[in-house]
Amino acid sequence: APAAFTGADVYQRSFDPQEYLKEFYSLSDSQGQPNTFLMQNLRSLFKMFSLDGLRGDTLIDVGCGPTIYQLLSACEHFQEIIALDYTDQNRRELEKWLKNEAGAFDWKPVVKYVCELEGDREKWAEKEEKLRKKVRQVLKCDVTKANPTDPVSLPPADCIVSTLCLEAACKDLATFRSALRNIGGLVKPGGHLVMVTVLRETYYAFNKQVFSCLYLEKNMVEEAVEGAGFDVKFSEVQTYLAGDIRTDCEAVLSLVARRRASIT
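Position 238 of the sequence shown, counting from 1, maps to 238 under the numbering used here, and the rest follow consecutively.
Incorrect hints may appear among the rest.
[As the list claims (entries may be wrong)] Here are the simulated lysine-lysine pairs, DSBU-like style, with alpha carbons at most 35 Å apart:
#, residue 1, residue 2
1, Lys123, Lys145
2, Lys130, Lys145
3, Lys188, Lys108
4, Lys133, Lys22
5, Lys123, Lys171
6, Lys99, Lys188
7, Lys96, Lys133
8, Lys208, Lys188
9, Lys208, Lys108
10, Lys99, Lys208
11, Lys96, Lys208
12, Lys112, Lys188
[Stated by the list, open to error] Label-pair restraints from in silico Cβ distances:
#, residue 1, residue 2, range
13, Glu101, Val237, 34 to 44 Å
14, Ala8, Asp52, 28 to 38 Å
15, Leu173, Ala8, 17 to 27 Å
16, Arg43, Ala125, 15 to 25 Å
Just so you know, these hints were derived from the structure itself, not from any lab. Ideal Cβ positions, reconstructed from N, Cα and C, are used throughout, including at glycine.
Please model the complete structure; the sequences and the hints are all you need to start from.
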């Protein structure tokens, strides 16, 4: 594990989105081994976005990074999507794909996999087009701010999704709890929070760089979500195969919560 917390400045300075995508977002690795971590998360997201009430006009993706996998099931249930990330080069990399620019990451195999989960592998081009149309804004955010999109104020959304973000962005549990309250303010009362969070991880590494991760247990995440004004509706842990030297992650938590009508 890294000696110190890798804060926002480290991401801004040295996080390489293309290397990150190459390392973690191919459906199979260079040896042809399936990417079980990604496939598991795609199945979880498909399942969560199929739950009752998970639909509406607007969805905000908090800490999107340079990725779109977390929006592939979601885009079938919401009319417009706003993607937020702290790191400039991540937002630029995402925009490359959204604008169909040369050199953008090839998400096709991942899109096809999700289409297969949804029952029609051949709909992949349609889904790509739908997602490109629905992502209306890509904005900078900082989850440690009371208004994460400051100086922009977004109208509260029907749903927020946050995958593999807060555990990397928060240096301790108090910051994590406060970040959840901050992003909770982006969703309407009665709206939903969809989360994918790694458990018992202290680092992840790629391209000869190590990034820190906040060590979390399922109950710590659930208590933080409840403390941010939400009721947990769905919560599922899947163990992560040991033996991956790139991370010491032990499990992944998928969670859906509904924002309470009044802050108590």
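For each hint, the structure was consulted:
Distance hint between lysine 123 and lysine 145 is unfulfilled; the C-alpha atoms sit about 39 Å from each other, more than 35 Å. Between lysine 130 and lysine 145 the alpha-carbon distance is near 31 Å, which keeps this suggested pair within the 35 Å criterion. For a cut-off of 35 Å, the pair hint linking lysine 188 to lysine 108 stands: about 33 Å separates their Cα positions. This hinted pair checks out: lysine 133 and lysine 22 have alpha carbons roughly 25 Å apart, not beyond 35 Å.
A distance of roughly 41 Å separates the Cα atoms of lysine 123 and lysine 171; the hinted pair therefore is violated under the 35 Å criterion. Taking the CA atoms of lysine 99 and lysine 188, the gap is near 30 Å; set against the 35 Å cutoff, the hint holds. With a C-alpha separation of about 14 Å, the suggested pair lysine 96 and lysine 133 falls inside the 35 Å cut-off, and the hint holds. With a CA separation close to 41 Å, the supplied pair lysine 208 and lysine 188 exceeds the 35 Å bound.
With a CA separation close to 27 Å, the supplied pair lysine 208 and lysine 108 stays within the 35 Å bound. Note on lysine 99 and lysine 208: the hinted pairing holds, with a Cα-Cα distance of about 30 Å set against a maximum of 35 Å. Of the supplied pair hints, the one linking lysine 96 and lysine 208 holds, its CA atoms being roughly 25 Å apart against a limit of 35 Å. The hinted pair formed by lysine 112 and lysine 188 meets the criterion: a straight-line CA distance of about 32 Å does not exceed 35 Å.
Checking the proposed 34 to 44 Å range against glutamate 101 and valine 237 shows it holds: the Cβ atoms sit about 38 Å from each other. A C-beta distance of roughly 36 Å is found between alanine 8 and aspartate 52, which places it inside the suggested range of 28 to 38 Å. Range check, leucine 173 to alanine 8: Cβ separation about 18 Å, and the 17 to 27 Å hint holds. In this structure, arginine 43 and alanine 125 meet the distance hint of 15 to 25 Å, their C-beta atoms being roughly 22 Å apart.
When each numbered hint is compared with the structure, violations occur for hints 1, 5, 8.
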